[in-house]
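Since the structure of chain U is already known, use the hints to place chain C on it.
Protein sequences, first through last, are from chains U and C.
Counted the way my numbering counts, the first sequence spans residues 1 to 326.
Counted the way my numbering counts, the second sequence spans residues 1 to 326.
Hints in this document: simulated from the structure, not taken from any laboratory.
Hints may be right or wrong, so weigh each one.
All copies of an identical chain are treated as equivalent in the list; a pair is satisfied when it fits inside any one copy or across any two copies.
Claimed, not checked - In silico DSSO-like cross-links for lysine-lysine, where the CA-CA straight-line distance does not exceed 30 Å:
#1 Lys-306 <-> Lys-66
#2 Lys-224 <-> Lys-54
#3 Lys-146 <-> Lys-93
#4 Lys-67 <-> Lys-93
#5 Lys-93 <-> Lys-107
#6 Lys-93 <-> Lys-287
#7 Lys-54 <-> Lys-287
#8 Lys-179 <-> Lys-66
#9 Lys-170 <-> Lys-203
#10 Lys-231 <-> Lys-118
#11 Lys-203 <-> Lys-54
#12 Lys-67 <-> Lys-306
#13 Lys-179 <-> Lys-67
#14 Lys-67 <-> Lys-231
#15 Lys-179 <-> Lys-107
#16 Lys-93 <-> Lys-2
#17 Lys-67 <-> Lys-170
#18 Lys-118 <-> Lys-93
#19 Lys-107 <-> Lys-203
#20 Lys-306 <-> Lys-146
#21 Lys-107 <-> Lys-66
#22 Lys-93 <-> Lys-285
#23 Lys-203 <-> Lys-67
#24 Lys-2 <-> Lys-306
Note that the structure is predicted; figures quoted are calculated from it, not measured.
Each chain, written out:
Protein chains: 2
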Amino acid sequence: MKPPIKVAITGAGGQIGYSLVFRIAAGEMFGTDTPVELRLIDLERQVPIIDGVKMELDDCAFPLLKKVVTTTDLAEGFADANWVILVGSVPRKDGMERKDLLEINGKIFVGQGQAIEKNAAPDVRILVVGNPCNTNCLIAKASAPKIPANRWFAMTALDENRAKTQLAQKTSTDVDAVKNMIIWGNHSATQFPDYFHATINGKAATELIENDWLENSFVETVQKRGAAVIKARGASSAGSAANAIIDSVRRIITPTPEGESFSMAVPSDGSYGVPEGLIFSFPLKSKDESYEIVQGVEHDELAQTKIAATLQELQEEQAAVQGMLG
Amino acid sequence: MKPPIKVAITGAGGQIGYSLVFRIAAGEMFGTDTPVELRLIDLERQVPIIDGVKMELDDCAFPLLKKVVTTTDLAEGFADANWVILVGSVPRKDGMERKDLLEINGKIFVGQGQAIEKNAAPDVRILVVGNPCNTNCLIAKASAPKIPANRWFAMTALDENRAKTQLAQKTSTDVDAVKNMIIWGNHSATQFPDYFHATINGKAATELIENDWLENSFVETVQKRGAAVIKARGASSAGSAANAIIDSVRRIITPTPEGESFSMAVPSDGSYGVPEGLIFSFPLKSKDESYEIVQGVEHDELAQTKIAATLQELQEEQAAVQGMLG
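For reference, chain U alone in the conformation it holds in the complex (with noise of 0.2 Å):
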């Protein structure tokens, strides 16, 4: 059998943690061929929640499971660790401002690149889920700079799926019949779900939808989707972004059929006009034990001015906390 991909989370006490753990444990990220170990990372008042969570992985006998440790110590938590999935941030709160949350998450995140840096595998992987996952991704990157640009992840993949499933209904089509859905820019209400270039059974889905629909009921649907979940359930999207983050790591590890893409936010290397080192989201493929950014999409007046607000929004956060970015 393979040695144990070692997987770390942090927030893991969390509601997201706790949709995820068992998906991994049960083999779903990284097959059922591969062992897996968690460690599962939270603050001191969350200590008895991952301790539980610990008893009740333990409960499952996961055949693929060979190793859960819990710990509010970065350094143990990280260490040697294959993936970390960064879950925990501290969430907006009511009269917070913007540049607060920003500021609040980013020390976070600094201390969090750092141990990583420091502890993990030569081979680490990061993806950032905790919002403001971009520029919480950024933050972490400057934080830890010997770890290679390309193994830096933060997640649009929840919003790529919302769109396919919105496409899909409207289509009354079949969800795997939807494309390269491409989301540009910054995982947030300035999001860009990219229509011109999704496709349904291979046709343009700007060709089978009306297109006052996409440009507006679309669109908004897919950028407020987080809070109307909320608003449902009366709790945020736990089931789903745990699913994403499961589907991200599976997208980046495994060859992407040809004629496609999916969407994360990775460091610009400067394509479509973004900024070099800007943790953008585009349409990528998944290339040997890395991925490539997809390159010549080519986009109208409507999408460049969506793509231009989502850029100058990231640029924004990005001044916001350049004193942590060294």
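Just chain C, lined up with the frame of chain U:
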């Protein structure tokens, strides 16, 4: 592609349901080549929650998930269902006598049994999880006399999984080295986790572990594990219970490896002196479209005493709900 398997789940808005539905939709219960339809059933006050869960299932873009129905109506929920997972039940509250608990839940399971018989698919199989699950299963089955006895199950897989891990950790072995960990009787504190027949890497557990630990610490830990998890997490087992549901269905529909068994409460055929019809946990082997109760397991005096105790409890439960058994 195969036709979808229709899975109906009661109490779907609860924590076990939330831990379960994403894993079923991902293909963990029936395999990644089998599409599924989900029926999320719950009480009126839970409707916003199950509607929110449906939104999140949509947001996962699961290729195998062909349809999700949310409903309070049993006829709609059970219509043509191939599998019914009865998770919902009324938990015991302070000051409630065991008899009251049996009666309150009994009424629910009478209605559910009738609705299953009237609406479900001809091949329906039913797994009862809501407690007291053995007696709830007894009542539902009695209310659906046209459904063959071998379609009814009450869950002891969580106890079995818990027991396996206790033996694995005690002997520092992998949990999949532990086999034939039989749970006898009631899914309650009187259950008997039969360490006499468990093997670890082919050797008897009783040869590898001192008797005092097995007879006392082990049995008590397994029997009281649910309470220990509540104490740690501040919430009852959900992820591990959902996992045991997945294991249960998979163990029933997958050929059991030669020389092995799994534990599940089923209507007794008189085996081991258990009166016919009582829902009692036995060692089972999956066989063709059904199962057989493994015969010839021998019990010493201590085991006989423990099995008699759990049998007596089940008979008392049966007596308490006699009026609902038709």
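Do the hints match the structure? See the list:
1. Lys-306 <-> Lys-66: Neither, since 46 Å and 33 Å both go past 30 Å.
2. Lys-224 <-> Lys-54: For Lys-224 and Lys-54, the Cα distance is within 30 Å only across copies (17 Å; inside one copy 34 Å).
3. Lys-146 <-> Lys-93: Neither, since 34 Å and 56 Å both go past 30 Å.
4. Lys-67 <-> Lys-93: Neither way: Lys-67 and Lys-93 sit 36 Å apart in one copy and 36 Å across, limit 30 Å.
5. Lys-93 <-> Lys-107: For Lys-93 and Lys-107, the Cα distance is within 30 Å only inside one copy (17 Å; across copies 45 Å).
6. Lys-93 <-> Lys-287: Answer is neither: 40 Å inside a copy and 56 Å across each miss the 30 Å cutoff.
7. Lys-54 <-> Lys-287: Classified as neither: same-chain Cα gap 35 Å, cross-chain 34 Å, threshold 30 Å.
8. Lys-179 <-> Lys-66: between (36 Å within a copy, 17 Å between copies)
9. Lys-170 <-> Lys-203: within (14 Å within a copy, 58 Å between copies)
10. Lys-231 <-> Lys-118: neither (41 Å within a copy, 35 Å between copies)
11. Lys-203 <-> Lys-54: Cα proximity of Lys-203 and Lys-54: across copies only (27 Å, versus 47 Å in one copy).
12. Lys-67 <-> Lys-306: Neither, since 46 Å and 33 Å both go past 30 Å.
13. Lys-179 <-> Lys-67: So Lys-179 and Lys-67 pass the 30 Å test across copies only (20 Å; inside, 37 Å).
14. Lys-67 <-> Lys-231: Answer is between: at 22 Å across copies they meet the 30 Å cutoff, but 37 Å inside does not.
15. Lys-179 <-> Lys-107: This pair counts as neither: shortest intra-copy Cα distance 38 Å, inter-copy 49 Å.
16. Lys-93 <-> Lys-2: Cα proximity of Lys-93 and Lys-2: none, with 44 Å in one copy and 48 Å across.
17. Lys-67 <-> Lys-170: Only across copies: Lys-67 and Lys-170 sit 14 Å apart there, 44 Å inside one copy, limit 30 Å.
18. Lys-118 <-> Lys-93: neither (32 Å within a copy, 50 Å between copies)
19. Lys-107 <-> Lys-203: Neither. Shortest intra-copy (46 Å) and inter-copy (53 Å) distances fail the 30 Å Cα cut-off.
20. Lys-306 <-> Lys-146: neither (34 Å within a copy, 61 Å between copies)
21. Lys-107 <-> Lys-66: For Lys-107 and Lys-66, the Cα distance exceeds 30 Å both inside one copy (33 Å) and across copies (44 Å).
22. Lys-93 <-> Lys-285: neither (37 Å within a copy, 54 Å between copies)
23. Lys-203 <-> Lys-67: between (47 Å within a copy, 23 Å between copies)
24. Lys-2 <-> Lys-306: Neither: 45 Å inside a copy, 42 Å across copies.
Hint check: violations occur at hints 1, 3, 4, 6, 7, 10, 12, 15, 16, 18, 19, 20, 21, 22 and 24; the rest are consistent with the structure.
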